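Taken in order, these protein sequences are the chains called A and X. The numbering of the first sequence is this note's numbering, which starts it at 1 and goes up by one. The numbering of the second sequence is this note's numbering, which starts it at 260 and goes up by one.
Simulated from the structure, these hints should not be mistaken for lab results. Keep in mind the model is a prediction, meaning the values are calculated, not measured. Don't take each hint at face value.
No farther apart than 30 angstroms at their CA atoms in a straight line, the calculated lysine-lysine pairs in the DSS-like style are these [said to hold, decoys possible]:
(1) Lys287/X with Lys191/A
(2) Lys313/X with Lys191/A
(3) Lys313/X with Lys335/X
(4) Lys191/A with Lys348/X
(5) Lys313/X with Lys348/X
(6) Lys348/X with Lys287/X
Chain A stretches covered by chain X per the calculated footprint, using a threshold of three residues with CB under 8 angstroms from any CB of chain X [to be verified]:
(7) 45-59
(8) 154-164
Think of the CB as a built atom: it goes at the ideal place given N, C-alpha and C, for glycine as much as any other residue.
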Amino acid sequence: MLDSLARLGRSGLGALERLGRAHLMLAGILQGLPSLLVRPGLLVAQVYNVGVLSVLIVAVSGLFVGMVLALQGYYVLSQFGAEQSLGVMVAASLVRELGPVVTALLVAGRAGSALTAEIGLMKATEQLSGLEMMAVDPVKRILTPRFFGGLLSMPLLAAMFSAVGVLGGYFVGVGLLGVDDGVFWSQMQAKIDLHEDVYNGVIKSVVFGAAVTWIALFQGYDAVPTSEGVSRATTRTVVSGALAVLGLDFVLTALMFGD
Amino acid sequence: MSRMRTMEILVGAFMAGGFVALFFLAMKVSNLSAETIGEGYPLAARFDNVGSLKVRAPVTMAGVRIGRVQSIRFDKTRYEAVVTLNIGKQYNTIPIDTFASIYTQGLLGEQYIGLSPGGSEEFLHSGDELTHTQSALVLEQLIGQYMFKKAGEDAAK
Chain A
1 MLDSLARLGR
11 SGLGALERLG
21 RAHLMLAGIL
31 QGLPSLLVRP
41 GLLVAQVYNV
51 GVLSVLIVAV
61 SGLFVGMVLA
71 LQGYYVLSQF
81 GAEQSLGVMV
91 AASLVRELGP
101 VVTALLVAGR
111 AGSALTAEIG
121 LMKATEQLSG
131 LEMMAVDPVK
141 RILTPRFFGG
151 LLSMPLLAAM
161 FSAVGVLGGY
171 FVGVGLLGVD
181 DGVFWSQMQA
191 KIDLHEDVYN
201 GVIKSVVFGA
211 AVTWIALFQG
221 YDAVPTSEGV
231 SRATTRTVVS
241 GALAVLGLDF
251 VLTALMFGD
Chain X
260 MSRMRTMEIL
270 VGAFMAGGFV
280 ALFFLAMKVS
290 NLSAETIGEG
300 YPLAARFDNV
310 GSLKVRAPVT
320 MAGVRIGRVQ
330 SIRFDKTRYE
340 AVVTLNIGKQ
350 YNTIPIDTFA
360 SIYTQGLLGE
370 QYIGLSPGGS
380 EEFLHSGDEL
390 THTQSALVLE
400 QLIGQYMFKK
410 AGEDAAK
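Just chain X, with the same shape it has in the complex (with noise of 0.2 angstroms):
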């Protein structure tokens, strides 16, 4: 009797091992400490252009993320890309002229949405539109217009 009841402790040493080593897992290596924000309201936006935003995309605002990229999808009467932001419900004081624009972290990191305050008094609330955009920058599309500048100037001189 006594065998099976240090085999008993063993097998609860055990078990209980692996799920300390899958917390770890999930609190200190992977982002689950960081996600915060939980419970949220979605606020809507459109762009003529996302880039290469992907669902589950920061929102920031000064720097700071108050929520994500919750869908994306595209509108084809407008032509224009639907961009579903999932809000925390702590930050529910975004003024309604609130101007939102797609960032890249550093030269070739990944895009995320940054939120600049307008100076309303009214705020935004679950299901609203931000009305004020501006799209990726595709750097394609930069280096072209810089090319074509140059070749302008050149043909002028």
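The following block holds chain A by itself, in its conformation from the complex (with noise of 0.2 angstroms):
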């Protein structure tokens, strides 16, 4: 009975902890920025690994989701007799939730998986120490660059998914549905705001960027370094990670389209 309720007690302070450790690390991470100016060769090799390698799938990703929701779309709006909104209802799904959302997902799987699974092998390999070792502060030089990449990326690879969405949405729908041309533009540019719909987006995938880079590098930087450690760290980084973003992307449509 005693025993139980040590182990629950124990638990519990053990995911205290964990959340200490993970905000000490964002505040060295946080540090490190003006260090990270002087040295911006790091932070492009960095928005390389995270951006420009998750290009494809985004890209891609978002024109297959832009031609499924044109698709979908239209058989529910020509009951209405409303296939004129399609252009509105793809724009709007895609740059206020799929857009920065799906992104994020990809992001997670894509880019946030290899950098816990790099950080996961720099400790097991000792690097970190090692670095330890020579004076270089292993937070400020690994994880800050890592952690910028990410955040800056992301709403860039989120308004590419957005764009790519429409486009996909814009073939299907006047392409292949016959919606006319310049109703499809006319209407998404009547009712979709540039302050509510495409700068919220843009805040929702900054928010994203920055909580799954930082879940995937406090997830490689507290994995036990062994191999087995790792390959359970990378896979907490995308359950995690995945689940973030979802509750978050809650939290910030209650507050931005809520009332």
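Join the two chains into one complex using the hints; note that each chain is given alone, in its own frame.
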């Protein structure tokens, strides 16, 4: 009886401790920003890892998501005789929700897992300790450029996703289903608001980018330094990254569009 | 060194692509390209009832958008709604006896303010008030009036 109570207490304290370590790590990462600005080459390499290498999967997913949205949206809208609103529907759902959310999920799977595995292996092979031996702070040297690389790449990737998705919706809606070309764009421009929709989508993707890279870095930095520990940490990155994105999305949507 | 250079070029292309996508969303998808009004001057209008008029709703004259609703507030001494309109500064020849009405786009669409110009030779200036206004039509009131009238006719027979 007392044993199980003690186990519960231990796991609760352990969770709090991890949370505390995660925030200390984040504070260390943010403190590393000035030294990162002195060496922007490190950031370029990480934008390449997170951003450039994710462009293909993000663009292809965006294209297909936009095309499917147009097909399904047309089916429902044509029942009300509102096919003209197809452009609005496709653009609003992409810019507000699907762009930031699906891109964040893809980045968590594509780049987040790679970050965790990289840092976990650096820890397992004692490269991080080696850096400390040389009086180099591994948080500032290794984690800070990766964090800001993810933070910078996410909004750009999400914008690409939405833009390609709108074009995919255009090809299916106008090319395949015969919605009028001019109506598709003019309705979209009349109903999609730059501040309300586009800016809020960008804010969302910045928040998701911070959350996904923070989780990925922490899981790698906090991994048990064995091959099994690294593989578990990689799994946890994808699972908790995806859950964090979906949970944050609800909170942000309620704050932005909830009234 | 050449690997670093390729990487830099690819990152540059990526960032340019991202900004092009953002630009596309701003110009082609959202209403930025329609925001040609730019700087404007405020006009006030008092309504008994603004219905479901929203801030940023269009202000039109002859069906062409010439401004936006800037703010809606309640005047607690006169029990009226005070709507501030932001009119594009190139439209500076609005007669002082202009009539402002709240219309609905389509049957169930959004509400907007339509201005019908009067015949006066004097023009409204920044901060002036439109004196001739017509409130929003509330569908329930219309139906209520119709039912009431119908019942009255039936009773008279």
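Outcome of the hint check:
1. Lys287/X with Lys191/A: holds (12 angstroms)
2. Lys313/X with Lys191/A: holds (14 angstroms)
3. Lys313/X with Lys335/X: Distance ~19 angstroms between Lys313/X and Lys335/X Cα, so the pair holds.
4. Lys191/A with Lys348/X: Given that 30 angstroms is the threshold and the Cα spacing comes to 24 angstroms, the pair holds.
5. Lys313/X with Lys348/X: holds (22 angstroms)
6. Lys348/X with Lys287/X: holds (25 angstroms)
7. 45-59: Per the Cβ count (6), the hint holds.
8. 154-164: holds (count 8)
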